[in-house]
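There are 2 protein chains.
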Amino acid sequence: MGWQDYLDREQDRFVAELKDFVRIPSVSAKPENAGDVAAAADWVAARLTKAGMEHAEVIPSAGHPVVYADWLHAGADKPTVLIYGHFDVQPAEPLELWTSPPFEPQVRDDRLYGRGASDDKGGMFIPILAAEALLAETGALPVNVKFFFEGQEEIGSPDLPPVVEANAERLKADTIFSSDGLQWREDMPQIVLALKGLVSLEITVTGPRGDLHSGLHGGGIANPAQALSHILASLKSLDGMIAVEGFYDDVLPLSAADRAAIARVPYDEAAYLAETGAPAPFGEPGYSTRERLWARPTLDINGLTSGWQGAGTKTVLPSKASAKITCRLVANQSPERIFERIRAHVEAHTPAGVSVEVARLPGRADPFLVPAGHNATAAAAQVLEEVYGKAPYQTRAGGSIPVMTTLLETLGVHAVMFGFSHDDENLHAPDEFFRLSAFRRGQTAYAKLLEKLGGA
Amino acid sequence: MGWQDYLDREQDRFVAELKDFVRIPSVSAKPENAGDVAAAADWVAARLTKAGMEHAEVIPSAGHPVVYADWLHAGADKPTVLIYGHFDVQPAEPLELWTSPPFEPQVRDDRLYGRGASDDKGGMFIPILAAEALLAETGALPVNVKFFFEGQEEIGSPDLPPVVEANAERLKADTIFSSDGLQWREDMPQIVLALKGLVSLEITVTGPRGDLHSGLHGGGIANPAQALSHILASLKSLDGMIAVEGFYDDVLPLSAADRAAIARVPYDEAAYLAETGAPAPFGEPGYSTRERLWARPTLDINGLTSGWQGAGTKTVLPSKASAKITCRLVANQSPERIFERIRAHVEAHTPAGVSVEVARLPGRADPFLVPAGHNATAAAAQVLEEVYGKAPYQTRAGGSIPVMTTLLETLGVHAVMFGFSHDDENLHAPDEFFRLSAFRRGQTAYAKLLEKLGGA
Chain E
1 MGWQDYLDRE QDRFVAELKD FVRIPSVSAK PENAGDVAAA ADWVAARLTK
51 AGMEHAEVIP SAGHPVVYAD WLHAGADKPT VLIYGHFDVQ PAEPLELWTS
101 PPFEPQVRDD RLYGRGASDD KGGMFIPILA AEALLAETGA LPVNVKFFFE
151 GQEEIGSPDL PPVVEANAER LKADTIFSSD GLQWREDMPQ IVLALKGLVS
201 LEITVTGPRG DLHSGLHGGG IANPAQALSH ILASLKSLDG MIAVEGFYDD
251 VLPLSAADRA AIARVPYDEA AYLAETGAPA PFGEPGYSTR ERLWARPTLD
301 INGLTSGWQG AGTKTVLPSK ASAKITCRLV ANQSPERIFE RIRAHVEAHT
351 PAGVSVEVAR LPGRADPFLV PAGHNATAAA AQVLEEVYGK APYQTRAGGS
401 IPVMTTLLET LGVHAVMFGF SHDDENLHAP DEFFRLSAFR RGQTAYAKLL
451 EKLGGA
Chain R
1 MGWQDYLDRE QDRFVAELKD FVRIPSVSAK PENAGDVAAA ADWVAARLTK
51 AGMEHAEVIP SAGHPVVYAD WLHAGADKPT VLIYGHFDVQ PAEPLELWTS
101 PPFEPQVRDD RLYGRGASDD KGGMFIPILA AEALLAETGA LPVNVKFFFE
151 GQEEIGSPDL PPVVEANAER LKADTIFSSD GLQWREDMPQ IVLALKGLVS
201 LEITVTGPRG DLHSGLHGGG IANPAQALSH ILASLKSLDG MIAVEGFYDD
251 VLPLSAADRA AIARVPYDEA AYLAETGAPA PFGEPGYSTR ERLWARPTLD
301 INGLTSGWQG AGTKTVLPSK ASAKITCRLV ANQSPERIFE RIRAHVEAHT
351 PAGVSVEVAR LPGRADPFLV PAGHNATAAA AQVLEEVYGK APYQTRAGGS
401 IPVMTTLLET LGVHAVMFGF SHDDENLHAP DEFFRLSAFR RGQTAYAKLL
451 EKLGGA
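Residue numbers (the UniProt record's numbering), protein chains in the order written: chain E, 1 to 456; chain R, 1 to 456.
Just so you know, not all the hints are guaranteed correct.
[Unchecked claim] One-sided excerpt, in silico: chain E residues whose CB lies under 10 Å from chain R:
| no. | residue |
| --- | --- |
| 1 | I155 |
| 2 | T206 |
| 3 | T276 |
| 4 | G283 |
| 5 | V316 |
| 6 | T326 |
Since the hints were derived computationally from the structure, they do not count as laboratory data.
Everything numeric in this text was worked out from a predicted model, so none of it was measured.
Virtual Cβ for every residue (Gly too), placed ideally from N, Cα, C.
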């Protein structure tokens with residue numbers, strides 16, 4: 001395996017280059033770092049060219065730019081593979097909690113410390129290096145490859161969908177892999193089968209025109225905070241079922257195989273409670289805690305606001321009471337249909353004496369579920385088993401990754417998460433680090449993946 | 001009637017003196033006006049002496065001072081009458097909404113405009129002038145009189161109870177009148193029979209240790225905002241009954257006479273709704289809106305707080321959710337017993353998966369109900385009928401006036417509200433004014449009242 005020798009031989013240079021990359025403070029959330037995000041884009045485009053990729057281009061968006069490059073000489077009978085990742089990073093604050101400065105990367109104990117080392121600079125650099133090694137050692141890549149990296153993932157990719165749409169022809173691919181992802185543990189791989197969708201809304205109940213004296217008006221007219229409580233209580237039964245009519249109608253039931261795959265993944269409920277500090281697990285009856293977390297839709301109140309919130313007492317009968325709510329959706333549920341069902345339920349369950357408004361809030365994602373027998377997923381699972389010596393867990397996540405939906409909707413392809421970070425690497429926190437063992441293993445895995453997809 | 005001639009003759013001087021009094025910005029809420037509150041106390045003590053009262057003294061408290069004076073030469077066979085009022089005022093802001101500056105009093109259309117003109121400087125000056133006129137014209141007062149004025153009513157009289165307690169012997173009286181009160185309309189008197197009591201509390205529901213990601217943890221553990229909603233919904237039935245076990249147990253039922261007295265007072269529900277902006281009246285079935293407002297206990301949520309309250313969406317599963325609640329109580333209910341019943345109810349109705357705490361908040365008052373056949377109330381009603389030519393309405397108020405309870409508890413006497421302001425006089429608002437017709441009529445009424453109490 002020539003490419004493996006190449007990877008082994010060049011590893012010190014790769015780590016030095018990754019340190020250069022991490023030194024760029026490409027914090028997408030801070031306007032004053034916009035130039036650094038642009039500099040990171042330039043670094044990525046140059047590095048893609050250096051790896052032998054072609055047509056490297058920094059494409060502007062309404063916000064931070066994206067970077068594209070390709071190598072398309074494998075032939076029309078070979079698949080085209082799109083690889084996604086992001087070169088922007090989270091803010092580094094609080095700076096005083098870092099052992100070494102966030103943008104002065106250091107290697108300690110075979111770990112590279114620095115903001116973005118794991119999320120996602122180390123991750124997105126891996127497939128570039130795999131392609132470089134394959135091309136250097138064999139003079140070609142086994143498949144046609146397109147790279148597509150963005151600079152605004154950490155702020156929710158607000159300007160990404162129009163860029164993907166405008167470049168849909170250029171981005172067209174048979175399979176998509178995201179380098180922005182996690183393995184289960186250092187010694188255990190995973191394939192993420194599903195992500196949840198999201199719908200966000202706010203319920204606002206209005207009573208009197210303004211806050212009134214609770215002594216002069218209490219008992220005379222309805223209290224909107226009381227009415228809101230009745231509405232919110234009606235959304236769920238006391239045992240945790242969502243009581244909105246039709247809420248579960250479109251949910252694909254979990255098959256016995258689905259439940260077996262979930263049960264295969266070890267789960268320590270005591271550790272989970274210790275981590276969250278919750279006194280007990282709680283939720284929809286008939287499902288395990290992990291099934292609820294991974295594979296059942298949820299409805300959560302994110303915030304409540306009404307009347308007096310300061311210290312002590314203020315004897316008001318509030319004018320308004322509102323609740324912010326998000327639902328996490330599973331495959332086959334539609335954010336729009338769920339919103340309409342909740343709106344109808346709320347309107348039907350609003351007590352007398354107040355008016356109610358139910359409004360969508362920003363924050364929307366379709367649920368994501370890899371279809372059974374999905375070819376790219378099977379290839380990824382085989383490579384992981386070869387590299388780790390163990391079949392990967394089939395996991396799901398309760399969160400939403402809007403870019404997965406954007407790619408699916410615009411390009412018509414289910415992306416596969418194929419990343420090598422770990423959730424203990426202080427992503428979004430001080431002392432973020434990336435295991436260099438994972439950095440190396442990821443390069444091997446991506447090279448094998450491209451070979452496998454090319455029919456090797 | 002010599003004293004009436006005296007009052008008529010001296011009226012211009014009285015108005016000029018009231019203007020001097022209003023010029024002192026005795027705003028009890030603002031620390032920078034503490035010296036002005038003290039100056040107002042000195043003004044009152046000097047004015048009491050000028051009226052012929054004796055032993056005038058400014059008594060310090062832990063906060064703003066009180067003023068005491070008396071005239072005790074009517075003889076041991078005559079009753080002793082204590083008259084209460086306050087010389088502090090509300091803040092005047094927003095200043096730009098005043099037609100003339102708040103502390104530069106002006107008479108326009110037989111109304112004196114200025115902060116405190118009606119609440120309660122004009123009100124508390126009235127009985128001083130009545131006493132002055134009686135003493136000047138007859139050389140004596142028909143009863144023994146004690147004046148007791150405070151300087152912190154507008155901030156809830158926090159330091160008053162210990163001062164009343166420490167001076168209980170000096171303040172001892174057979175009957176008490178409060179000059180701080182309203183008449184129904186300029187042409188219609190009222191006797192306030194009842195005030196509501198107050199108990200204040202906060203319910204805090206806790207789930208996880210900190211706010212969590214609603215995608216990663218939603219469905220796994222209970223949401224404290226959802227649990228709080230179930231608790232709050234359980235406190236009241238959908239038709240407005242309070243559902244706390246035992247809440248109504250101690251309530252004295254309204255008699256047919258009580259209900260007839262309430263029904264005698266005109267009530268315009270359309271006007272009430274227009275004033276509050278509420279879409280409909282709402283509350284406990286079986287009672288008229290006015291009965292609920294005046295004579296039935298209430299439970300109102302004053303505020304709700306949980307999780308994300310800013311713009312847009314933040315996908316948190318909140319750690320805590322809390323509600324502030326006040327109950328207004330009617331005669332025979334105890335704030336302490338009601339608190340314990342609510343606490344027991346909340347603990348019994350807290351859903352699984354969270355913990356709950358129910359805590360008292362500052363803000364407490366016993367309900368106040370003038371006993372049937374109360375002598376001082378009968379005398380006040382007779383005087384009002386003489387002065388207005390109409391029998392007063394028997395009204396109640398949903399609010400709480402803690403000083404009424406303090407006087408009752410320490411001195412053992414039910415105070416009678418005998419004041420001449422009106423609720424349209426912009427109390428606590430810009431352009432506060434006092435009708436000088438009420439100022440004059442009040443003087444006559446107080447002189448008649450003292451005569452009547454003296455057996456005239």
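Mind listing which of the numbered hints don't hold for this structure, in increasing order?
-> 1
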